[in-house]
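Protein chains in written order, with our numbering: chain A, 1 to 466; chain B, 1 to 101; chain C, 1 to 366.
Just so you know, not all the hints are guaranteed correct.
Said to hold, decoys possible - When the alpha-carbon atoms are kept at most 16 Å apart in a straight line, the in silico EDC-like pairs for lysine to aspartate or glutamate are as follows:
| # | chain 1 | residue 1 | chain 2 | residue 2 |
| --- | --- | --- | --- | --- |
| 1 | C | Lys243 | C | Glu134 |
| 2 | C | Lys293 | A | Glu100 |
| 3 | A | Lys63 | A | Glu51 |
| 4 | C | Lys240 | C | Asp253 |
| 5 | C | Lys293 | C | Glu319 |
| 6 | A | Lys63 | A | Glu89 |
| 7 | A | Lys204 | A | Asp60 |
| 8 | C | Lys243 | C | Asp253 |
| 9 | C | Lys293 | A | Asp98 |
| 10 | C | Lys243 | C | Glu130 |
| 11 | C | Lys114 | C | Glu124 |
| 12 | C | Lys293 | B | Asp9 |
| 13 | C | Lys178 | A | Glu435 |
| 14 | C | Lys141 | C | Glu100 |
| 15 | C | Lys293 | B | Asp11 |
If you are wondering where the hints come from, they were derived from the structure by calculation, not from laboratory data.
Take a look at the letters that make up each chain.
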Amino acid sequence: MREADLVILGAGPAGMAAARTAAEAGLSVVLLDEQPRAGGQIYRDVERAGERRAEILGADYLKGAELVSDLPHPNIRHLAGANAWQVEEGRRVAFTLDGEAELIEGRRLLIATGALERPMPIPGWTLPGVMTAGAAQILLKQSGIVCEGAVLAGSGPLLYLVAAQMCRAGTPPLALVETQTFSDRLAALRHVGGALRGWQALAKGLGLLAELRRAGVRRYTSASELAVEGGSQAQALSFAAGGRTHRIDCSTVLLHHGVVPNTQAARSIGVPHRWDEAQRAFLPERDPWGRAAGLETVFIAGDGSGIGGAGAAALAGRLAALAIACDLGRLSAGERDRAARPLQAALARELAVRPFLDRAYPPFAGALLPGDDTLVCRCEEVTAGDIRRYASIGCLGPNQTKAFGRVGMGPCQGRYCGLTVTELLADANGRSQDETGYYRIRPPLKPVTLGELAALAASQSKETVE
Amino acid sequence: MKTASTFRDLDPEGPRVRVRFSGRDLMLREGGNLAAELLAAGVTPFRRTPVSGAPRAPFCMMGACFDCLVEIDGVTRQACLCEVGAGMEIAMPAAGRDGDA
Amino acid sequence: MDSDYAIIGGGVVGLSVAWGLLGRGRSVTVIDGDDGSFRASRGNFGLVWVQSKGMNQPRYASWSQGSAAAWRGFADELREGTGEDPALQQNGGYDFHFSEETLAETVARYEVLKAKLGGNYPYEVLGHNELRMEEPAIGPKVVGAILHQQDGHANPLKLLRALAADVRRRGGRVLNGKTVRSVTRNDVFRIECTDGTIVEAARTVLSAGLGSAVLGPKMGFRAPIRPQRGQVLITEKLPKVFKRPSLITRQVDEGGVQIGATNEEVGHNDTVTVEGMAGLAAQAIAAYPMLAKAQLVRSWGALRVLSPDGLPIYQQSREMPGAYLVTCHSGVTLAAAHARFLPDWLEGTAQAPDLEVFSEDRFDLS
């Protein structure tokens with residue numbers, strides 16, 4: 001079994017920044033990530049972006065290059081392509097690397113598993129040709145592949161960015177179909193606190209929108225009744241907007257209505273989570289350093305603890321690393337606090353814009369409580385109507401619906417149905433999301449072959465014999 | 001399986017290797033992301049679901065949704081987490097191929 | 001008064017009893033826990049099983065046999081009522097052996113039991129080659145198997161769902177999300193829940209799984225029940241590969257291969273461990289080497305509801321006549337017995353099965 005002072009799950013901005021800070025404080029760090037190169041989703045393959053891709057993707061993306069180039073350090077072991085499938089007792093991690101299962105034990109564990117796109121169940125969202133907007137961006141970042149003749153639909157600033165990047169790549173989307181309304185925007189602008197940052201974000205958004213206008217991208221707002229049509233492949237997006245229905249022929253539909261914390265690893269070890277109405281998602285409970293409630297050795301940083309964006313994630317990662325270095329005697333409390341102060345101030349500035357964004361780009365209501373025929377669980381093909389029926393025969397929470405209808409039992413482990421099921425049950429039973437709860441997440445966090453698992457049994461008994 | 005790809009490669013240079021997908025030979029960029037390269041080659045769907053036989057193709061491209069599952073050397077893998085290697089034998093996962101599971 | 005019967009516990013055991021009572025015209029209120037309760041009904045292996053049961057108590061073997069025989073009719077009736085098929089398959093099941101010695105020992109014990117059961121114990125021993133004719137995927141380490149004709153399996157989750165739906169359809173009242181605080185009896189039973197809900201009934205059945213260990217003593221039962229953890233694995237869906245279930249592997253009707261189970265005395269801890277999972281995986285691969293390439297997609301730990309001798313407890317309270325303790329570890333196998341035969345015992349009819357050996361009195365000796 002391997003050992004380290006600090007084991008980090010996820011090599012995105014939070015994980016990379018934490019690794020560097022911890023290493024500089026003298027801790028041995030092992031950084032596990034399932035991608036072949038560091039960067040996470042936001043900075044995917046940033047070290048390999050050529051001039052052309054850099055031009056298309058823009059300055060915010062290139063900021064990640066510094067974090068990646070900071071990663072090589074004698075105290076950091078980056079295990080790329082490692083699939084972490086179990087966390088035990090807050091410190092031991094089981095993972096598979098190059099087809100072999102291994103265990104590693106850290107004196108501290110940092111969960112930096114980032115965000116997932118909020119599930120957007122609309123009719124037809126499982127058809128080939130329907131992807132998340134983030135998926136399109138990943139195709140571009142990692143592979144230099146762009147979608148031709150796509151329609152983007154949903155809400156949030158990422159849609160503008162992806163659309164603008166597609167325009168720069170010479171493959172502008174056919175249309176941008178937005179679900180947020182003008183009154184959402186007005187309400188957001190009145191939002192106290194983050195107004196200034198809000199205007200800056202808005203200005204950035206306006207710049208992107210100007211780019212889209214120049215490229216001739218059609219734009220619809222306050223859209224509802226979104227549905228993807230098609231038999232074996234997406235063929236069109238239909239929706240209602242401006243008092244009439246529209247239908248745009250397209251074989252690629254890119255959906256997005258915000259991102260939510262990926263809480264699988266934290267939940268699997270029993271970190272308590274609480275519903276956050278502004279982010280409309282569950283967030284793990286932590287102290288200001290990122291230490292998980294009730295778990296002394298576990299920290300959570302970055303979007304996995306609440307959506308704050310890449311800048312905030314890196315800062316939170318550094319703060320957690322300082323606290324961990326202090327825990328393990330590498331920094332005094334005074335040194336930790338001194339080093340933390342500027343980071344905390346910068347973090348507060350980064351987060352100031354969130355209330356504005358959350359209010360300006362709310363999730364698409366029609367996908368929070370989808371119609372009865374819409375598939376909610378992509379893996380087991382369970383519909384919203386099924387969930388409502390299970391509520392009518394006594395299901396108060398997602399674990400009973402999982403038993404009743406297999407929803408959340410597939411390989412994605414509920415990542416793309418969990419929040420929808422909670423919302424549907426809460427609505428059907430007239431209870432809060434907190435009362436309704438979430439899936440009990442069990443290993444494996446990602447599938448592992450029985451052969452890989454069994455080899456672990458053999459190697460462990462060998463260790464005992466020796 | 002359609003071949004008219006709606007995905008365009010901005011930089012189609014670089015060495016390519018032969019792989020097989022469901023009995024069809026494809027020339028894909030060596031070391032490229034398997035899901036991305038299959039999409040660019042016009043492959044769709046990647047699989048059929050074991051529940052209803054519905055066609056599926058990559059959705060999230062970040063290892064979370066499992067809709068890009070393919071079978072490589074008899075093991076089900078997420079194509080978006082694999083790199084293209086010469087001579088890869090790729091098939092649709094057995095479960096659901098004939099709607100028999 | 002709310003109903004003839006109040007049933008505390010809405011798992012497979014409680015719902016099976018409720019369903020049977022409703023079928024004979026009794027009014028029933030079921031009081032069920034919440035989403036996070038320990039629920040053996042959500043975690044069990046799904047066998048409808050006879051072999052190896054009651055080796056030291058033939059009545060348990062025959063009680064299991066009676067239930068297995070009644071299961072088909074029970075499943076059909078549930079399906080007719082709800083459209084939900086619990087996917088019962090009764091083509092026999094295996095006990096695999098990895099050594100000639102254990103196989104011979106087990107056969108010797110089965111012969112003793114068979115004699116006590118008057119010969120009703122239809123099993124055969126398959127050598128490796130015969131077994132391979134039945135299960136081509138079997139591995140070379142399996143020297144043979146005992147194939148018992150009365151064994152089978154079902155989908156326990158579909159059973160749970162069908163019962164939940166049909167109990168309601170039959171007019172049962174089900175209260176979910178409740179925790180029972182106290183049970184008192186004057187003229188009628190009065191059951192008070194922590195949220196203030198009160199249920200009154202002429203009789204009450206305690207079938208709350210591990211919860212019965214807490215409530216039982218307040219109702220005059222000994223209820224010597226303890227949790228025993230079983231870890232279970234399930235693979236991705238595979239094409240149909242196995243003909244019959246075994247004690248360690250079965251292919252569920254949806255396609256996944258289920259692998260079980262550990263037996264661990266760890267109190268109320270239902271987590272899964274790397275060691276537990278790895279051991280189960282190794283054992284499954286020893287039986288079926290092709291499983292080495294299968295992806296594990298889920299695992300869980302569930303807590304068995306065990307009495308000291310592993311047998312069910314059926315007991316009427318002496319302190320509170322009209323209160324009955326019904327608890328067992330094989331809720332799926334015994335579901336048909338609980339639905340079809342137990343109501344006669346509760347009602348004290350002439351057809352009541354003899355359940356004397358399952359009384360709590362048996363624990364007085366120790």
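Violations among the numbered hints, reported as their numbers in ascending order
5, 6, 12, 15
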